[in-house]
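Chain B: place on chain A using the hints.
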Amino acid sequence: MAEIFELGIADIRSGVASGDFTAKEVAETFIARVSSAKALNAVLVETPDHALAAADATDKAKAAGETLGKMAGVPIGMKDLFCTEGVATTAGSLILEGFTPQYESTVSSNLFKAGAGMLGKLNMDQFAMGSSNETSAFGNVISPWRRNDGGNTDLAPGGSSGGSAAVVAGRIAPAATGTDTGGSIRQPAAFVGITGFKPTYGRCSRWGTIAFASSLDQAGPMAHDVRDCAIMLEAMAGFDPKDSTSLDLPVPEWEAGLKSDLTGKRIGIPKEYRVDNMPPEIDALWQQGIEWLKDAGAKIVEVSLPHTKYALPAYYIIAPAEASSNLARYDGVRYGMRDLPDGAGLQDMYAATRESGFGPEVKRRIMIGTYVLSAGYYDAYYTQAQKVRTLISQDFDKAWESCDLLLTPTAPSAAFGLGEKSDDPLAMYLNDVFTVPSSLAGLPAMSVPAGLDGQGLPLGLQIIGKALDEQGVFNAGLALEERAGFVAKPEQWW
Amino acid sequence: MSVDKETVKKIASLSRIAVTEAEADALVPELNNILGWVEQLGEVDCSKVEPMTAVIPNKLRMRDDVVTDGNVREKVLANAPAAEHGFFGVPKVIE
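Those protein sequences? They're chains A and B, same order as listed. Residue 492 in our numbering sits at position 492 of the first sequence, and the numbers go up by one each step. Residue 16 in our numbering sits at position 16 of the second sequence, and the numbers go up by one each step.
No wet-lab data here; the hints were simulated from the structure. Where hints are given, some of them may not hold.
Label pairs and their computed distance ranges (CB to CB) [as the list claims (entries may be wrong)]:
(1) B:Pro91 with A:Asp248: 55 to 63 Å
(2) A:Thr100 with B:Ala26: 16 to 24 Å
(3) B:Lys10 with A:Asp248: 26 to 34 Å
(4) B:Ser47 with A:Ala344: 21 to 29 Å
(5) B:Thr53 with A:Gly19: 46 to 54 Å
(6) A:Leu346 with B:Ala26: 25 to 33 Å
(7) A:Leu346 with B:Gly86: 14 to 22 Å
(8) B:Thr20 with A:Ala2: 54 to 62 Å
(9) B:Met1 with A:Ala88: 39 to 47 Å
Some residues of chain A that are not near chain B, with every Cβ distance over 12 Å (derived) [unchecked claim]:
(10) Pro101
(11) Lys113
(12) Leu452
Think of the CB as a built atom: it goes at the ideal place given N, C-alpha and C, for glycine as much as any other residue.
Chain A with its partners taken away, still in its complex shape:
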């Protein structure tokens, strides 16, 4: 039998339910994994007591013959964007240093009610702004993966959910929460060879999740495989009156509905995703994915999403605009740090606090957002971007007339080395070229690990579905997963 630390959600849950091991043994196993993985810098705050208390509750419930929750006995990692009651939460930023939420986010609360425990709060790009985890104020997360060249170059785990990606790939936690604004679940999942799912906008409540760009932010699971993502998303999702954009719909039983026979399904291949300079290995993997889905019974059709090239520039107006508004709350008055120079008045205190509390990328985006929303520029930039967003959404609607799902690569490259792209914000933004369009349209999408490149690094394929068709996305993901047979894992060096 596999060791406990190698198991995912479904196996842990069934092992606990059948008495193969106790939830306490599981929690202790992963607590030890967390404390011996400090070299990855993926965990900002370790919370062993939380994991043990949840395990104890599960073991007692089992002894009493009670029905166990969907996540019973499963300890998880929590991205530090989720407010956790009594546990420091920083969103990877100095400006929230010392902040201890007095309430629990809806997503984390839902997971805990389903029986999950928390191993720790996970490092991330500051305020989720980044694609490599290098904007965290608390240091880079190091990917557990290394190139097969025998060197020891530190690689980026992707971002912004870089800590989540690293702990799941390193089998330091069986699963973790992520959030995705423009690709922050899917791109890191692809970089480290795990499965990551962004649901339809509104499926998961945003209440208690620190806001970046509210019209785009969605929480989702990052886990070993498709089934684990389905189980965890069922536990995370659900209507919440405290989030005005929460969808008032029942949560489907995605796990029970899993089916990899795609007979009758039409898979669209968007021709605009064949970008210049795409590495041949990624193009070849995409072709392989097409063959796998054909083998699963799907029909392949070419589709056009003509406004794809405008998705990234539209995103880099809309997301900073929303961020500049959302991040106005960090003023040194109500929470977090305060920088009060001698003799400073209120306005100087605001400016000094924000100058020393925010990192360079966050400041850059706040200023871009402020500029595009300012008098005289609002229509030329912001309104135009929102109109282009409408066109991008209409592109998808049109594609759905001839297909049910889309297949694309997740990211335009495998993981890169830390520092290789951090000097050029625009080069970094291009990482999200395949993930941003579906974010702008609010659609469900997932990344499935599908192969290794010549350097021995994971590559992912992305499935995009119609709004609310998470089941279709899960099923096509499962068809890919069964055929890709991706079993590669990073060798433990930490």
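Using the frame of chain A, we list chain B on its own:
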């Protein structure tokens, strides 16, 4: 459209972010690179397009006009850098 140093300082001031002269100098090309890149959106004919307001059709709900929260002053103040006498403390704003 491109920004000069004075505009950068104005944006920083509107954003309530202190910048030094050197930082303002460095931000001019950084912001112009990004703004120059997003300007390609101007190529798109949007004369007959409505701006997006909600990605997934949804309507704002009404709820009963009753108190659902409150009496949590200690919690609200628990994270304040300077909480005094049940209030948020700030530097003096009136001389």
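How the hints compare with the structure:
Taking the beta carbon of each, B:Pro91 and A:Asp248 are about 45 Å apart, not inside 55 to 63 Å as hinted. As the Cβ distance of A:Thr100 to B:Ala26 is approximately 35 Å, the hint placing it in 16 to 24 Å is violated. Distance hint check: the CB atoms of B:Lys10 and A:Asp248 are about 43 Å apart, inconsistent with the given range 26 to 34 Å. Checked against the given bound of 21 to 29 Å, the beta carbons of B:Ser47 and A:Ala344, roughly 49 Å apart, lie outside it.
Against the hinted window of 46 to 54 Å, the Cβ-Cβ separation of B:Thr53 and A:Gly19 comes to about 53 Å, which satisfies the hint. Roughly 28 Å separates the CB atoms of A:Leu346 and B:Ala26, a value that falls within the hinted 25 to 33 Å. Between A:Leu346 and B:Gly86 the beta carbon distance is about 19 Å. The supplied range of 14 to 22 Å therefore holds. Take B:Thr20 and A:Ala2: their Cβ atoms lie about 56 Å apart, and the range 54 to 62 Å holds.
Between B:Met1 and A:Ala88 the C-beta distance comes to about 42 Å, which sits within the given range of 39 to 47 Å. The claim that A:Pro101 is not at the interface with chain B is violated, since a C-beta of that chain comes within 12 Å of its own (minimum 8 Å). A cut-off of 12 Å between C-beta atoms confirms that A:Lys113 is not in contact with chain B; the least separation is 20 Å. The beta carbon of A:Leu452 sits about 32 Å from the closest Cβ of chain B, which is more than 12 Å, so the claim that it is off the interface holds.
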